[in-house]
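Here is what each chain is made of, one letter per residue.
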Amino acid sequence: MPYMQAVRKLVMWHLDTEYRPSQAFLFPDADEAVIRLIEVSDVIPETGEFRPLKFGPTEGIPYETIVALVTPGEWRMIQTGQLALPQGWDLGTAVEVTEEAAA
Amino acid sequence: MTQEEAFLAQARSDYLVFERLQEAARSDVSECHVLHYYQMATEKLAKALLARVGHPVGKTHFAFGRIAAILAGRQDILTAIGCPNPPVTARFLARADALFRQIENLSPDTAGKAAKEKGLAADQGPNVEYPWWQEHPATGPEWLAPAAHTFPAYQTVTAASGDGLTLRVFVERLLQGYDRIP
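Going line by line, the protein sequences match chains S and W.
At position 103 of the first sequence (counting the first as 1) the number is 103 in our numbering, and the numbers step up by one without a gap.
At position 102 of the second sequence (counting the first as 1) the number is 102 in our numbering, and the numbers step up by one without a gap.
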């Protein structure tokens with residue numbers, strides 16, 4: 001499965017839930033080995049920390065996947081540099097994956 | 001240390017072990033062990049919270065399944081732990097009640113009670129600790145080991161999608177932000 005197809009599939013899964021994230025951003029991997037996503041959710045508590053979760057490749061998504069859920073406030077902190085991202089997560093290359101783009 | 005503080009400390013420690021086991025290859029660490037620590041962490045977190053809000057803790061494993069409804073009705077707590085939109089979180093918790101109970105039913109005690117409710121024997125409930133048995137139509141009783149079993153709850157806890165992911169992040173952040181509960 002091509003990298004971007006897997007990205008769209010994963011984001012569609014997330015957007016298809018009742019408590020869907022309001023926004024999803026892909027932090028592309030130039031080697032197309034890892035899918036890195038930040039999703040903005042107003043369901044979770046705000047802690048001011050960035051703790052992404054890692055998932056191994058599966059039959060459905062055959063790529064290593066790292067997903068971070070953040071609150072709208074934490075996303076603003078990331079955008080203004082108040083909340084640092086790990087190495088390799090370049091805000092300048094982040095691409096919003098919308099429902100239309102994912103479909 | 002109070003009872004509540006002790007449950008919270010143990011919940012945080014169990015959760016760290018869950019994370020370590022989750023990172024290991026499944027060929028090295030079976031699903032049951034990952035889920036066992038997740039179930040223990042969430043049960044103790046729930047018992048700390050029950051103590052905080054004045055509910056009896058008891059010696060039962062039925063705890064995590066009770067807190068979804070309690071938290072859904074306590075927007076003051078949701079606000080205190082940093083939920084940006086408490087009504088939305090409350091609706092999620094009310095809807096995720098089945099996920100909470102799916103985790104709770106991983107313990108042998110709760111799995112046994114669930115089996116009995118279905119008219120089965122108490123040792124016929126799939127759980128993360130002890131072997132259970134099922135009736136095979138041709139050969140009779142067949143025993144199963146947790147270490148060799150695939151649990152639907154594993155997908156809930158570890159998949160990169162769906163409400164299970166939101167629940168997992170919610171639990172993790174509740175553990176982090178617990179001290180802000182009034």
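Mixed in with the good hints there might be a few duds.
Now the stretches of chain S that chain W is said to cover, found in silico as 3 or more residues with beta-carbon under 8 Å [claimed, not checked]: (1) 8 to 20; (2) 24 to 30; (3) 34 to 45; (4) 70 to 78; (5) 81 to 90.
Counterexamples of contact, computed for chain S against chain W with all Cβ distances above 10 Å [to be verified]: (6) M1; (7) P2; (8) Y3; (9) T58; (10) I61; (11) P62; (12) T93; (13) A94; (14) V95; (15) E96; (16) E99.
Keep in mind that the hints were calculated from the coordinates and are not lab data.
Ideal Cβ placement from N, Cα and C applies to all residues, glycine included.
**Prompt:** Looking back at the hints listed earlier, which ones does the structure fail to meet?
**Reply:** 2, 5, 9, 10
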